[in-house]
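K.L.:
Sequence:
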Amino acid sequence: MTTSTAKWRFTKGLHDLGNGLHAYLVPDGSWGWSNAGLISDGGESLLVDTLFDLPMTSEMLASMRDAVPAAKRIGALVNTHGNGDHTFGNQLLEGSRIIASNGCVEDMKHRPPEQYAGWQKDWPGMGMAGKFWQEVIGSRFDFSGIRLTLPTETFDHRMDLKVGDKEVQLIEVGPAHTRGDVLVYVPQDRTVFTGDIMFVGAHPAIWTGPVSNWIAACDLMLGWDVETIVPGHGPITDKDGVREFRDYLIYLLAESRRCLEAGMSFEQAVDAISMDRWANWGEDERLCVNVYACYREISGGALPAPNVMDMLALMGKRHFARKPHACGHDHCDGNHS
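Residue numbers (full-length UniProt numbering): 1 to 337.
Be aware that one or more of the hints could be misleading.
[To be verified] Using 27 Å as the maximum straight-line C-alpha spacing, the simulated DSS-like pairs for lysine-lysine come out as follows:
(1) 12 to 323
(2) 239 to 166
(3) 166 to 7
(4) 121 to 317
(5) 12 to 72
(6) 7 to 239
(7) 239 to 12
(8) 109 to 121
(9) 323 to 121
(10) 72 to 166
(11) 72 to 162
(12) 162 to 239
No lab work stands behind these hints: they were computed from the structure. Note that the structure is predicted; figures quoted are calculated from it, not measured.
Work the whole structure out from these sequences, hints included.
P.N.:
Structure (structure tokens):
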């Protein structure tokens, strides 16, 4: 963490950013442990993202209502993208405006909560993909009782809102991490809630790409007068964190191009690319899906969209091979460093 963001401790719960802005952080930031945000002014409030299950989202909303009078009735919710760890708590905000990009809605429909509930039951028969999914996601969260609750308002490219007198800009920068990634920018408070356009201290998961769009999103943030950056996963950061993340993406794309031109398969490239600079980042198994995204972009889309089960199996193989004791037992809670 850089010096200027060291004041923000990466502890679970609500963090007051000042001027009516709050971040809700969920360590350790790895698979499924995502962050959210709250913007309030003049008795109005807007929530940025929900969490992966109903108990977690309920706990978060209770802490916001206790601390922020305007959160007693949250008027609007923005989903930054369609992944379940940012949307599965939406039903607890029914009756509020729920706003997202059209790409976000497509992703929400593509992988609804019922699918996760099914995997939670069926994972023992899903091979390596199931074993890995259960360890890093299925064993951590409760997908029962979740109803797909879609946004009530959608947009493409950009939407401007007011929360009290505060201007809030919703800027679509996807497809990148997913089909419809959105940045939530509060210019007067020099703050941006990034969703999963920013991971701090961990490898991202480039499910969709192109990586070039993601690099452009980093450039966009670096061009803003921004001081506080709340990522989708990990501790609060600043522009130094964005620069480090941008360097990662540029390096990975360049190294993937070198490997592809040398005739390597993407699986070979995953092993060949040195990630020493980011050796302390978590979830390095995501290199499998990330290098595939780079190969797909470099080849002009000649490769199909990634098959999630194939990718989970590849990531699981890498994950378990790197663990000191590849237990894989039912009692394993998945919280391995």
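K.L.:
Does each hint fit the structure? Answer for all of them.
P.N.:
Hints, verified against the model:
no., hint, result
1, 12 to 323, "holds, 26 Å"
2, 239 to 166, "holds, 22 Å"
3, 166 to 7, "holds, 25 Å"
4, 121 to 317, "holds, 21 Å"
5, 12 to 72, "holds, 21 Å"
6, 7 to 239, "holds, 15 Å"
7, 239 to 12, "holds, 23 Å"
8, 109 to 121, "holds, 20 Å"
9, 323 to 121, "holds, 25 Å"
10, 72 to 166, "holds, 18 Å"
11, 72 to 162, "holds, 18 Å"
12, 162 to 239, "holds, 25 Å"
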